[in-house]
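J.: Listed here are the chains, written in short residue letters.
4 protein chains.
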Amino acid sequence: MSGKIFESPSERPTFSANRWRQPQKIALEEAITTSVFNPTNTLPETKGGAELPYVDEDYVVDVKNRLSNLELRVQAMDRAGVALTVVSLTMPGIEGIFDAKTAVETARKVNDETHRIYCTGKYADRFRALGCVPMQDPKAAAAEATRCINELGFVGILINGYSQIGDAETVQYLDEPQCEPFWATLEELDVPLYLHPRIPTPGQSRIYRGYEFLAGSPWGFGVETAMHTIRLIVSGLFDRHPGLKIILGHCGEGLPFSLARIDHRLRHFQPQHYKSKLRMQEYWERNFWITTAGVTSDTAFVDTLRSCGEDRLMWSVDYPYEDYDECGTWFEGMEMSQSTRAKIGWENAKRLFKMQ
Amino acid sequence: MSGKIFESPSERPTFSANRWRQPQKIALEEAITTSVFNPTNTLPETKGGAELPYVDEDYVVDVKNRLSNLELRVQAMDRAGVALTVVSLTMPGIEGIFDAKTAVETARKVNDETHRIYCTGKYADRFRALGCVPMQDPKAAAAEATRCINELGFVGILINGYSQIGDAETVQYLDEPQCEPFWATLEELDVPLYLHPRIPTPGQSRIYRGYEFLAGSPWGFGVETAMHTIRLIVSGLFDRHPGLKIILGHCGEGLPFSLARIDHRLRHFQPQHYKSKLRMQEYWERNFWITTAGVTSDTAFVDTLRSCGEDRLMWSVDYPYEDYDECGTWFEGMEMSQSTRAKIGWENAKRLFKMQ
Amino acid sequence: MSGKIFESPSERPTFSANRWRQPQKIALEEAITTSVFNPTNTLPETKGGAELPYVDEDYVVDVKNRLSNLELRVQAMDRAGVALTVVSLTMPGIEGIFDAKTAVETARKVNDETHRIYCTGKYADRFRALGCVPMQDPKAAAAEATRCINELGFVGILINGYSQIGDAETVQYLDEPQCEPFWATLEELDVPLYLHPRIPTPGQSRIYRGYEFLAGSPWGFGVETAMHTIRLIVSGLFDRHPGLKIILGHCGEGLPFSLARIDHRLRHFQPQHYKSKLRMQEYWERNFWITTAGVTSDTAFVDTLRSCGEDRLMWSVDYPYEDYDECGTWFEGMEMSQSTRAKIGWENAKRLFKMQ
Amino acid sequence: MSGKIFESPSERPTFSANRWRQPQKIALEEAITTSVFNPTNTLPETKGGAELPYVDEDYVVDVKNRLSNLELRVQAMDRAGVALTVVSLTMPGIEGIFDAKTAVETARKVNDETHRIYCTGKYADRFRALGCVPMQDPKAAAAEATRCINELGFVGILINGYSQIGDAETVQYLDEPQCEPFWATLEELDVPLYLHPRIPTPGQSRIYRGYEFLAGSPWGFGVETAMHTIRLIVSGLFDRHPGLKIILGHCGEGLPFSLARIDHRLRHFQPQHYKSKLRMQEYWERNFWITTAGVTSDTAFVDTLRSCGEDRLMWSVDYPYEDYDECGTWFEGMEMSQSTRAKIGWENAKRLFKMQ
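Residue numbers (the numbering used here), protein chains in the order written: chain A, 3 to 358; chain B, 3 to 358; chain C, 3 to 358; chain D, 3 to 358.
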């Protein structure tokens, strides 16, 4: 009996550091590598590729080790109070493969290995997985998505932005007509698609002229993925498939800051340029879920929360590029109601992914 | 065909005033008077009483007219996009009656008249009611609450703070032991209690010395009602009756600003002074719902929202002391997601009051 | 040469804890005791007194030690990056002395001892002081304030709320007419007055009935001090003395949450009840400065910042009741611009107190 | 004598619409056209050009009229409480001219006409101007900037993003080495440069594939201008010229949302990719000022304010693309201290532009 209402252990008897861990947290944008091929290399069939360019060697060594080290990952989860991690193949992954047939075969092998390592065996209760798909062949992607969900028990799909088609110069965005069969299947499967950034191809970063590393920086990743998202909305995709569920990381890739202004300006645009029926904000609240992966900024968080409400925002890390502990400490230190924290920490993810 | 994506009517063709009305809104802290007695008078059995003291005559005349004018009220609701108003007897109401027997009889008559005027007839689809109860006799209050819910179809109970007991000096707060039967019945009925401020009795405002009007100002109302709320929490009431549902108006009577600090300090208090098992914040999120009645401050709103999350906050007006249009314009002008606005505007009220 | 743009030491080579210390911080609401008398005892001339009531023994022992232990204080300042602490006599201090003559003599002795211990000798560069004054004799208080500023080099005055006058029942608030000579002198001296809470006298907490500890809790302190502040504004004091500078701790004692609503309601009040020319908000921005002493709540901070702007808010601790490290970590972890943090951390205090 | 403390005129005697106008406001990103050439046309020397593409005809007609109609502009300023407007040539303006010699001559003529119409005559007390410069010839740009400030009395320079050099495919960003003489002169003149977005050239929007209008939308403008800003910071420009003052519109073009994350990630980058000495945040607070032009989003505003503090944010409109009244109503309806509103509304602009 301490003589106090609440326990507050600290070095100084009468004060606490006011830090606690919520061990129920779920993390959603968490990268893995594979023995099948090197997914951090843009072009598996050619000799080049960026493979974590621009960053320092210490970082590369640390990250590469953690991409595949299961024990380090579980230890980090334990320290940070993370009950469950949803893993996915790191970028550019399958999307960086030039040849469609290779992409189809590689995706299948990667998904099988992911299932074996993370969804069975010692830590099966600590992991779920998002499947990868070969968008170079959208029908094959639809089939692989179906196999991931129905046979492997994966909880969704993750795509690293645009796909290479045949060479470094040609890319395919997900609003292009040939992707339609994939979207139809995804809507039918009723599982979320995580739209993740990717390392750009050289041709695309032409405008950076001497600052190509910006395209591979969080700013470039955000801009590229936000544009991809806007393309999806503008294309009418969500009128054709109102049941689609898209997840964006990094607090919505900057869109919460701009969404009101974009809708505000679209009042003046000719209708042929905006092929959808509703304002962007309405799709944002119907077809999108957002994670905090990679973000430790309070104002970005508040801005995002106001844009989508507390039922669509989900905490995440972006391990091993970011750190479980750093992101967890930030999240648990922000002031919000306990119910809001539980929603963002794990409840929204459970509901979206139908996990229990 | 306007040649624009979205309609934006305004005096200048290409701009809109960016104002809209959401006609589904529900208002919850909306006062009425009664022909049974003068509820703005503290002491019906004696000669004195404040009867809207301190405020100017224009205001008194306007407010008194609107307390009973059904047509003006419905017109104001229509203009402000309010579908439904939940009415309740204005303060101090029954709580200001000295004599218990008079209180019991008066409450019954007031509830019957409220039912007749607001819940039947021409505008029955536009109104719901909160019953008044004679807390001077807690068992009779329990019986009257039961009658209100089961026979009159009221959606909850509203109490204007402490009750006079016998004279101007003696008052009863709702945490006092004799109120227990009332709380047990309320928990069983599973309906919310709105804890509303009241005009203070002269004895209580002794410390204001020359500034008695402060006790009757929104600051005094907030302090008094916040203290009443803290008494309920500290007393252990919500451990004995975990199912109780309390509504506070005015953005939680200032408590969102202080709650973290109160819990922070309670770490150091001797346990005999805090009779409850959980931190205040935990009761706040389990037993309380908050309305914005009387508030048009963005930062107070944001502070409140963070304290309770978006599932427990409900828009309201405090008509006719405040204005439907002023409060509606403020609420609809604040930036938030559509889903959050719908929750706060009407969905949370519907769920709490089991309306539909 | 680490191969990185910025240094980021941490256990994991590629991540940092993102914590830093700004060693320039100034703390303003920092309590000391004295050998002259026991200032935590309400009534030095009588037998009773609360002397840190309600809180647990560990806390009392720890706090009492730190109130007078100079070395522990400097160590805590060093750890938390606090360059300078402005000390003041803890509550109720002089204000709790019944007899005016005793109050006058005691204040003088306390100020002399404070000067000797904190403003001269080993740590003179780490401390400044606020003087105490015997408001039981306002002219003597004016004289003592003058002596503190002009002879002892103190940077301001601190008053712990109302003063006892003669007995436990009789108190004097600072808006009362007899205080006028003190205010005139303070305006002429052009130094700030810190209006600090105090432990209440038993008579005042009558309305708590069984929850007297609430009056001595942060909620009760805030309410009492906010009411005192409103009395000052309503009384017309700041029209008579527009140059007065008042400091409030604890994020403005809850007033930022309510100020807009109070002004909003005062529209309807009879003019004889509000004796000042301007709205409360205008005095708030002209005559008040706010500290964060005792607060570690982000939303309370944001609310306060919006109410007064970044040139009037100042970080503080409330040592030893609160902890330098806890309050410093909170402040330095909140997201704001560097210029805003420097203003709140030390620049505003330097300007207000004319330090350098 | 109304019997009220404060006046509150409204249709209902006891309520006010709570709206007021602050007639001292200054607007800074306000576009004009010129009789010298058509500045909304990208390529004056060729046959094509966008000339307000994508938007509807009503909007184009309205905007084109208001770009040159002085009386409409002053009336709009009067209605919205704008004392002073700082005008500048609309985009792409001089930057869209292919031929350097033509650019030099045109800039001179435009500045002379701007001076004649806005800085002399009937409304000279209501306008100030930012000069345009021919960056196709940086030394000539430096000379023209000097003439604008020293001879015409302009208060700064505005540049619409990158400049065409010779043809549609070749562009020049302001961080390129040949721009150095211009920056040296600008630092010496000690006046701000407004870095404004521009309509993109076709070649640049290649990645939009079917969604070119996005490049000309507020999202595309923001991304392009943010990238231009990052290029300036990364290039080391502000280490070479620490006195430069850059203004960004549109709440900092989205950078407040991302700045913390960019700095957070730059920890891991190889130093050769980031040529500057300080973190981005430090340049942001030393070399940048931000306007709200084109923004009416509270959360974007709050995010921006936190990133730069209240001494570097300035209200603006973006007339005639946006509306004085709409932007003024938004700004004056947001809750902030009066001192903060005065700083953002006009005081910061006066200080930055040394007006008075």
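Fair warning: there could be bad hints in the mix.
Identical copies carry no separate label here, and so any pair may be met within one copy or between two of them.
Pairs of lysine-lysine, DSSO-like flavour, derived with a Cα cap of 30 Å [as the list claims (entries may be wrong)]:
id, residue 1, residue 2
1, K352, K247
2, K124, K103
3, K356, K111
4, K277, K352
5, K66, K277
Calculated directly from the structure, the hints in this document are not laboratory data. None of these values were measured; they are calculated from a predicted model.
J.: Which numbered hints are broken by the structure, listed smallest first?
T.: 2 and 4
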